[in-house]
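Colleague: For reference, the chains in residue letters:
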Amino acid sequence: MAKALQGYTQLSEIPKLISKTRTTFLSGVTLPESYRRAQLQQLYQLLVENESDIIQAIQSDMKGRPSNEIAVTEISAVKSEVAHLLNHLSEYMKPKKMPSSAVFLTDSGEIRYTPLGNILLISPWNFPFQLTFNPLAGAIAAGCTVIIKPSEVCSHTSQLMARLVPRYLDENAFAVVLGGVDETTLLLRNKFDLIFFTGGCNVGKIVAKAAAEHLTPCVLELGGKNPVIVDDDCDFEMAAKRIVWGRWCLNAGQICLAPEYVIVNRKSQARLLAALQTTITKYFGDNPQLSDQYARVINQRHFQRLSTVLKQNARHIALGGTTDARENYIAPTVLSNVSMDSPVMQDEVFGPILSIFPVDNVRNDAIPIIQSRPKPLALYIFTNDKTFADTVVSHTDAGGVTINDVVSHFMFPGFPFGGTGHSGMGKYHGWYSFAAFSHEKPVLNKYPGADSSYEMRMPPLTDFKVKMAKLFTEEKPKKWKLPFSVGPWTAAALAGGAFLLKARL
Amino acid sequence: VLSYLTMSSSYTPVSLISRMVRSNAESFAKGLTLSAQYRIEQLNALKLLIAENIESIVIAEQQDMLKRARPEIEIIECQMVTQEIDQLIKNLHNYMAPQSVAEASVMGKGELLYCPRGNTLIIGPWNFPLNLVLVPLAGAIAAGCTAIVKPSEVSENVSRLLEKLLPLYLDSRCYKVVHGGVAETSALLKEKFDLIFFTGGPAVGKIIATAAAKHLTPCILELGGKNPVVVDDFIDLDKVAKTVVQERYALNCGQVCAAPEYVLVSEKRQGALIDAFKREIGEKFGKNPQESPLLCRLKNKKHWERLKNVLDENKQFVVYGGGSDADDLYIEPSIVANADLSTPIMKDEVFGPILTVVPVKDIESDAIKIIQTLPKPLFMAVFSEDDKFVNAMVTRTDSGGLSVNTASSHFVVPGFPFGGTGNSGMGRYHHKYTFEAFSHQKPVLYAKI
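Taken in sequence, the protein lines are chains A and B. Going by this note's numbering, the letters in the first sequence line up with residues 1 to 505, in that order. Going by this note's numbering, the letters in the second sequence line up with residues 1 to 449, in that order.
Simulated from the structure, these hints should not be mistaken for laboratory data. Don't take every hint at face value.
Distance condition first, Cα-Cα at most 25 Å in a straight line; then the derived DSS-like pairs of lysine-lysine [said to hold, decoys possible]:
1) K467(A) <-> K284(B)
2) K209(A) <-> K192(B)
3) K192(B) <-> K470(A)
4) K192(B) <-> K465(A)
5) K190(B) <-> K209(A)
6) K191(A) <-> K90(B)
7) K241(A) <-> K190(B)
Given only the sequences and the hints, what does the whole structure look like? Please build it.
Modeller: The structure is reproduced here in structure tokens:
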């Protein structure tokens, strides 16, 4: 009964939808560039024509989230991604020629991009439109069909998606399934050609396990505790400003890229706290609950979770700490003197609570701390010393790194976005979105009438053939080092040209 | 030199495995494998391992696989590996260098940097036991990873040889061999790795993927499947027969993941195609293939029995060959014809010297339908000189890779990525792709202050 009220898709309908989109894919209708272009243009229109409804729906789910923030991160960012794919679609779809070696002079090779097929796309509640429609655009560009499963936690937004998608996109190729755990479990039992999941690590593992049963590849965009290193040799005020922006200005910290804990020298902790406080006051006023720039926690369940975090770490609260259950409001909070065994260091906070993790010497201690923890989605370093930054980068791994800012690498044009280790696998954005949903298939074309070169490797493998094989295909370490690399045929041509030139002179 | 032959067959103690994994992880955390100099040193040592032990390798390989041709061992198991290593050494500095992202931005300077995955596990199969373990290992070294190598216990002699040689050449703080079977592999799979590189069958592939999922460990799975060959209505059938026969029967007696498994052809051409196959088999292997030096044997009793079973199960469809010799582990080059999706032979990968012919009414639409119905294969061959037909095959179906007008796969072509898709695997390697396979390409933004 409750499910029907929320508009959940009936369990019996789900296999039918999967079968429908799969059949559509196998029919080949999504392959032509014209089809993909038309669908992308429709997707763009969907965003243009429904901007205010989308903002309203998101605000119904996430109280207090500023309209302007939504306009930038959920509408503009997605329109931009769709436009990028439209602008580059022909280029991305074009086969790429492969170089061939001497033995295969008579052949040609290329990489052809084949769509992976029927996709399952599961998106979260925090940036629902971006994290659904960005990957969707990539899947469309690649020629795939998609079953979209948005989060039941942002119910207004998901219901809006379920209404809009069939109105703008090909119903036979793209379907929205609404539901919760039961519906998702049923979806995961079925075979897809790729599962694209954005969410937390725990569900990420469930998805990975379900995918393993069918040998289905996954793109898992997960999370983790993103560390920020604040070196003494940096502009503290600038660092504080940017950290505050990352932790509190975007969706009250409910963003996978937000800084979670700050590694700083013990003697500089107080200074950092002061700078953070100044910035918080500057952006949100003396009482952030009254500010229209500060969002709320999405629902009661997460509010309870975060209140528990505050309770468990009560003695560490240095700034903020106040809450208001009526509004799911949690003040911008900073915990100080946090250590590895503090409860807050266990899981991703995913909320407006920042931890400060003081150490004796950042230069010595930061790297071992980061290495001892699961690989984060993002790593941030504030320092003027490029050598130190590079050392950290080469001795640790993270999905992405920004130096002297937070979150920004997410939006940097041409960058892939994804995690590593516990923070995920796979990547997308722009070209990488097209690639994520494609199979880069190598195709070898043998020209007719070139059998003799093939005879060289057919049995019996005589000594002569082995000698020829080594001559033509065995690479030898160079005896001299040229500033550029020249293939054997180019070298021969140059030598021949030089000889002719000399003869003329 | 030959003392390893008399070593007692002892697997790596399961109790030691946890410690070995931890030791590797510690070495990685210390940064031992990070410098270019170290990586090149280790790669050169790996080359030397091969160069100085060719005789022992040949002997071990021939003990594991009867009548395996020496040139096949020298080229595929030794030379190809050395080539890969040379390629990695030559390009290492390029691979390791940060790549500037072309688009300028007011935000600052962006770079893409390859970072080692970390502590890796490499599990190999028995058919090309050295190549399919040492090429990934070379990639792991080049990428700056540590690695545990678990060669197949089925190719016992090669595995034991590797167990003995690797610590003599490579830094054993960072590269270790585990020699063992199911128990040892299960113990390894319980540990957390940063990457698992597995070559083998889809059934074990699923076990690996499931174990990896618990730790959110990425996998490269080089699996197999039933590789189709599509023959259109006009192509010269002798041309088809030449390379199909070579790849199905001659190379390693068909025990190759990229070998053609079944041929799709119009009903009206099936007879002529089978005749072409028969002619080619006769020419290549002579009147009595069992005496031909070009045909090696099945891996072991278990696989011989498996293939004998295939012949028995499909007895009524066998139109050529069908002979076998249990003592010699010999299966005659055979052809099963008039098959369809319900024929028993179409169920699993044959991985042996039996070719299946599947006749269809309309070659284009029926071939597409059948290939779409079956799990995605590792490799596909299309014989046709009609560009439109070829294009339809390329775009309407998917496979790890595809060749046109030859049944020889692309995986020997330098520069081509080698890997499967769907049931035939995930990920790819060879040359620069091997370096990428063991790396994480990390975006780094230097923001404007």
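Colleague: Please go over all the hints and tell whether each is borne out by the structure.
Modeller: Structure-based check of all given hints:
1. Taking the CA atoms of K467(A) and K284(B), the gap is about 22 Å. The hint holds against a cut of 25 Å.
2. Restraint check for K209(A) and K192(B): the C-alpha separation of about 15 Å stays at or below 25 Å, so the hint holds.
3. About 41 Å separates the Cα atoms of K192(B) and K470(A), which puts this hinted pair outside 25 Å; it is violated.
4. Straight-line distance between C-alpha atoms of K192(B) and K465(A) comes to about 46 Å, which puts the hinted pair past the 25 Å bound.
5. With a CA separation close to 14 Å, the supplied pair K190(B) and K209(A) stays within the 25 Å bound.
6. Proposed proximity of K191(A) and K90(B) is contradicted: the alpha carbons are some 42 Å apart, above 25 Å.
7. Between K241(A) and K190(B), the direct Cα distance comes to roughly 44 Å. Violation of the 25 Å bound is thereby established for this hinted pair.
In summary, the numbered hints that this structure violates are 3, 4, 6, 7.
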